[in-house]
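Peer 1: One-letter residues, chain by chain:
There are 2 protein chains.
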Amino acid sequence: MTSTSSFITSIATSSLIFFALFLVFLFCSRRKGNRPVYYPAILLDRRAPSDSKSPGGVIRSPWTSMKESWNASEDELVGIAGLDAAVYVYFLKTALKIIFWTSCFCLPVLIPIAATDNNLQSQDQSSAGNSSRLDTISMGNVQNNSARLWAFLIGGYWLSFVTYYILRQAYRHVIELRARDQHQARARPEQFTCIVRDIPPPAENESREEQVHSFFQQLHPETYEKSLIVTGQGKASKVWAEMESAHGNLAKAQAMLEQSKSEEASEGVRPQNRTGKFGLYGEKVDSIDYWSEKIKELTPKLTEEQNRAATEKQKGAAIIFFNNRRAAAEAGQEHHSLFADKWQVLPAPDPRALVWDNIGVSFPQRVVREIVVYVITFFTVVFYMIPIGFVAALTTLENLTEYLPFLNAIVDIPVVGAVIEAYLPQLALILFLALLPKLLLALSKQEGLIFQGHVVRAASGKMYYFVVFNVFLGVTLFGTLFNSADSIKELTRAQTFSFNSLVNLFGERLPPNATYFITYITLKGFVGFGLELSRVVPLIMFHLKKRFRCKTEKEVQDAWAPRSFKYIPSVPNDLLVITITLAYAVIAPLILPFGLIYFGVGWFVQRNQAQRVYVPEYETGGRMWPHIHSRILVGLFVSQITMLGYFGLKKFPYVFLLLPLPFITLLFARICRKVYYPAFKYVTIAVVSEGDNEVPPLSSAVAAFTPTCLLEGANEVKFNNKYDGSLQDAESQLPSSESPGTAAAAA
Amino acid sequence: MTSTSSFITSIATSSLIFFALFLVFLFCSRRKGNRPVYYPAILLDRRAPSDSKSPGGVIRSPWTSMKESWNASEDELVGIAGLDAAVYVYFLKTALKIIFWTSCFCLPVLIPIAATDNNLQSQDQSSAGNSSRLDTISMGNVQNNSARLWAFLIGGYWLSFVTYYILRQAYRHVIELRARDQHQARARPEQFTCIVRDIPPPAENESREEQVHSFFQQLHPETYEKSLIVTGQGKASKVWAEMESAHGNLAKAQAMLEQSKSEEASEGVRPQNRTGKFGLYGEKVDSIDYWSEKIKELTPKLTEEQNRAATEKQKGAAIIFFNNRRAAAEAGQEHHSLFADKWQVLPAPDPRALVWDNIGVSFPQRVVREIVVYVITFFTVVFYMIPIGFVAALTTLENLTEYLPFLNAIVDIPVVGAVIEAYLPQLALILFLALLPKLLLALSKQEGLIFQGHVVRAASGKMYYFVVFNVFLGVTLFGTLFNSADSIKELTRAQTFSFNSLVNLFGERLPPNATYFITYITLKGFVGFGLELSRVVPLIMFHLKKRFRCKTEKEVQDAWAPRSFKYIPSVPNDLLVITITLAYAVIAPLILPFGLIYFGVGWFVQRNQAQRVYVPEYETGGRMWPHIHSRILVGLFVSQITMLGYFGLKKFPYVFLLLPLPFITLLFARICRKVYYPAFKYVTIAVVSEGDNEVPPLSSAVAAFTPTCLLEGANEVKFNNKYDGSLQDAESQLPSSESPGTAAAAA
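As they're listed, the protein sequences go chains A and B.
Going by our numbering, the first residue of the first sequence is number 1, and it counts up by one from there.
Going by our numbering, the first residue of the second sequence is number 1, and it counts up by one from there.
Just chain A, with the same shape it has in the complex (with noise of 0.2 Å):
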């Protein structure tokens, strides 16, 4: 596919950006004003203490820095940067584990075996074909039913067999920290919490509360102390939002004010603007006066919308709160009613990870919205391609040039041209994926699941089926330039599409495009990763920002506040290099080297950006294990089929050998999920029943479990004592239906 001449080019100049990149990481991130962008976690942290202390005092150089992460064990990684950072950054570090085992073998034997074979040689002689000096270091150098086949097939065992070991070590591992993490003395509401789905209609003359609380109270009579019902929360939450959006021009206007006073007039300029959308039309008023009638004004609005949703749009779910984690653990997996589709009792998540506009999604809706999030899914992964095709057809140099002329006087500078040449069609396919992961989300979150990591995941999970399907094999398959409509043809012509002409394309078509996924993961290695450790964009949004519109301290502080890792493009893109090393690693085991690069630069900037740059904004409990543990597996798989097809286009006699691989995955996959699984699922009651049982007070639970627009505000108080009231007696206090404002509170 690509010549040998432009696939050095494009590793090289992949390496001379990363390098820049490093470099312009070491010079940035020795500024002191530039420490917000490199170090916010650490920032955030030392905040948290003491609020006066100037920022970044006791940051040291980069290279200290770096140091120092590097030296952090695992259960520090997990102290700083949460659990699910440091499932991710272990993932990363399985994936090299996994690589460097399989290039145990493969680096020393199989490419001296290949290389000194002599089939592509004789092919060229005979066909006039040009295959590239690569190719000679891969399986299609070997000639035709020759013993050296052989080792390539130990190749395919070994290659399984690594990953088996490394995977169930890793799973075990991920087992063991998150039960360390659960342990801990340190108590979390969500440890003491469930939450209720498919709750009944009530009796006629009961209200929701009554009938939650008559149900778990004659369940759990010693544990259960108070539920919550959902409500909606209808116009409160906008109201909200735009009482927080007044209260933050005010602050800005007043800032405003102060800075003119300093300046010029001692008096200062009054800021001005106007009422219309954006402040770009209307009539101009004088803003701190205008903010503040704006916010006396929505005050009672709000406090209305919330006792309106209180009242009127409950839902048929509910939290329930416990005294004790034994009993919510217990609750979260027993079963509470005869059919499943009531009463369904979950444990809860961290409370920020609530989807509250899905807790009220009734189960027959549930089932209807995830079949129309499959198929639309399917035809999204399906038929991504055409596009996709058609921007790689378009993206060859020729093309461009014809359709661009005033490109030719750049290209026609030989290294420019190169380059170009090189990486057009990666940047075409990177920038059209990077369209993606919001679309996934949105479709994800249609699905009704109620937790914000289950979204994430659903999301990941479809995504990595799509980069798979469209770029592994889309790629390969369909080849990169036009020749597609021959393959599709022949693939889905209704007589011949079987699983056997399935694994002979494979084995056809993948071989070949070796060369195109080293520079693919090369590129999306070393500048991808570049760019995260250097920051380049954040810097450059962090001073436009604080330079053209920050003007109070809390603007500033919000243009530098860390976010967490982004897991939807990240995850499902290092399991697509993964999946790809793993079907190239016996194939052409040249890729290995380039795989153990991008996790091993990959699982040093990870964990470097783990402890000084993300914060998490919810926590789910490294469930992202699972899902990363069967997507490596179904890499494996393809991997393992490739190989089939592959050795029978060699004409290998032994081939049948290989057989036994796919369905030692798959058996493997059971087994981890029956062992392993259950524990990401549940809560181990071992876990919950050692150690210290310290309780926080309920209240603190309870608010964490409402949503803000419900919580805050001129309510707050008036919930909070409403609450400490029915704590003392909550099991002889029954809820008055009469109750109103955030009664949802049922003591």
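Read the hints as simulated data drawn from the structure, not as lab findings.
Errors might be hidden in some of the hints.
Put simply, identical chains are the same to the list, so a pair is met inside one copy or across any two.
Said to hold, decoys possible - BS3-like cross-link-like pairs, simulated, lysine-lysine; straight-line CA separation at most 27 Å:
hint, residue 1, residue 2
1, Lys-674, Lys-315
2, Lys-342, Lys-674
3, Lys-438, Lys-67
4, Lys-681, Lys-342
5, Lys-438, Lys-545
6, Lys-546, Lys-32
7, Lys-261, Lys-238
8, Lys-238, Lys-545
9, Lys-301, Lys-284
None of these values were measured; they are calculated from a predicted model.
Please arrange chain B on chain A, whose structure you already have, making use of the hints.
Peer 2: Below, chain B without anything else, positioned relative to chain A:
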């Protein structure tokens, strides 16, 4: 396949046989001496309160008794025959309902539509074929691409939705039956008990008893009562069996002595026997002395073996007892260990249903055994076909008379010839299948399943796939006579083996076999249920045994002692009938009345037998239902695929409208599994929390969960004594490692 005349002969003969068997039942069941054969369950029930009453005193005429069992409500049925038998009877009723409601559309609408078309006639004229008159009322008689096919398409939807609706209703009904049964005040030992498997090896200075005790003591401090380590039975079981037989022989010898006394001399003749195997050779000895001696000899040996079993043969499994139902139900659905292959806690089954040999089988071994059993099952299912095809080829009349010329004389009588021709292939099939259940039960036991009910279900599932593959598909796809080789070749040629070609084959081959299967169903129904009702075989066996072998009262009792339903050939066979009926319901609606008769007669007969004849060996709490439910859905799925294929052959352009049906079936199966299955897997805590919590003495639960050979004999007293002591201070007293005997019972 079968001509119209032999078809009618076959149906008529089957009906005659049923009528004759019914007369046998009416005649024989009236006679007092036969009552132990026809009403054993009632006799057994009556014997429980008072042993003295003469058997069968209050039993009225067969008509009255049939009316009585007809009038019994379902709850009464559960009370008399147990939940499992009630669920089996309910399955027959459900099948009847499905077929009835399907008939409501298919018979009055589809048959006239088919009968008034003339496809077959025109085909016959053009190709000189000879289709029988029966075929003219099936879909085959509708012309290609005729508008009449719309009615059949609607029939497909009608059939599917009738099945979904009735199955949903039935699942809910069975769940409620099960809940009522569990909710009963009558406490059963298994409600307070859990089984623990896969216990890791104990620490070096710790005994198994201490390990298990401290683990559960820590996790369930308030509800855990006691544990019993499972021990291998070793030789104890063998010695126990010898002892039992010695006791039996002694009693028999004494009875013989008594008999001889009364008849001839006052001294009587002391019976003698030979000491060799089966009393066939060896020295002649006085029986009474010999067996008394033997018992004396065996008693200390049994004690010794019991002690050895308890101390030396401990397995990594235990039975644990709780002090209330709720705690046991909770423990049975909680995850006790981080890794699910350790400390697996399961709800205990009926103690009589425990497969003691398998409890100690470790997790990795179970995985291996499962794979091996599945592979063997696969080959059994696929390659049993070969001998069946062979038998089918042999048993055509021409072949038989060729090989066995003396048959000619009989066959020459026209009626006999027709009967033999109609029945031979079916009889061959039925005989062949009779060998199977034992093989499959043995195979399923080897999987390492620890509940007998589970073993039966696993064997039944295997047998279902066997009969569907071999009887249903084997007969249809590969033809009754030897044109099989072509089809197999066609199906397995690698290039064309695909879903599409399978659908085509279904469509091509199934329809012509409708009449064959009508005779098959009629024969199975009339003869099978006729034999069941008339109990001819048990009647003859009972009288033979009573006359020639039974000397003591106990032996007579053993001779008529009622068994439980034989679910393993019954359930898969009934499932095959409903699969066949569903598959042909739309294509050849004539099959529907015969399906109605099969399940009508079956329901009537088995309801009767459940109340008068069979007594459950153990209870599984209706766990057969999910198994039955999903197999009926498999039948529906096969039916939908067949329709797709056949509509395709008819060149009906709107065949794609049938395409959603198989997907709806898959979706329906998935939803049912999610919503209804948990009620069978776990005990819902709403069910165990309500109602009286009668707690039986712990000792009775412990005795129920000790294998007989380890429980009785000399050790019984010791065991109970030890137990009563530990009951009071179960929590304070740790087991001392020197406690011998069945000391597996750790306090």
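Peer 1: Honestly, which of those hints from before does the structure not fit?
Peer 2: 3 and 7
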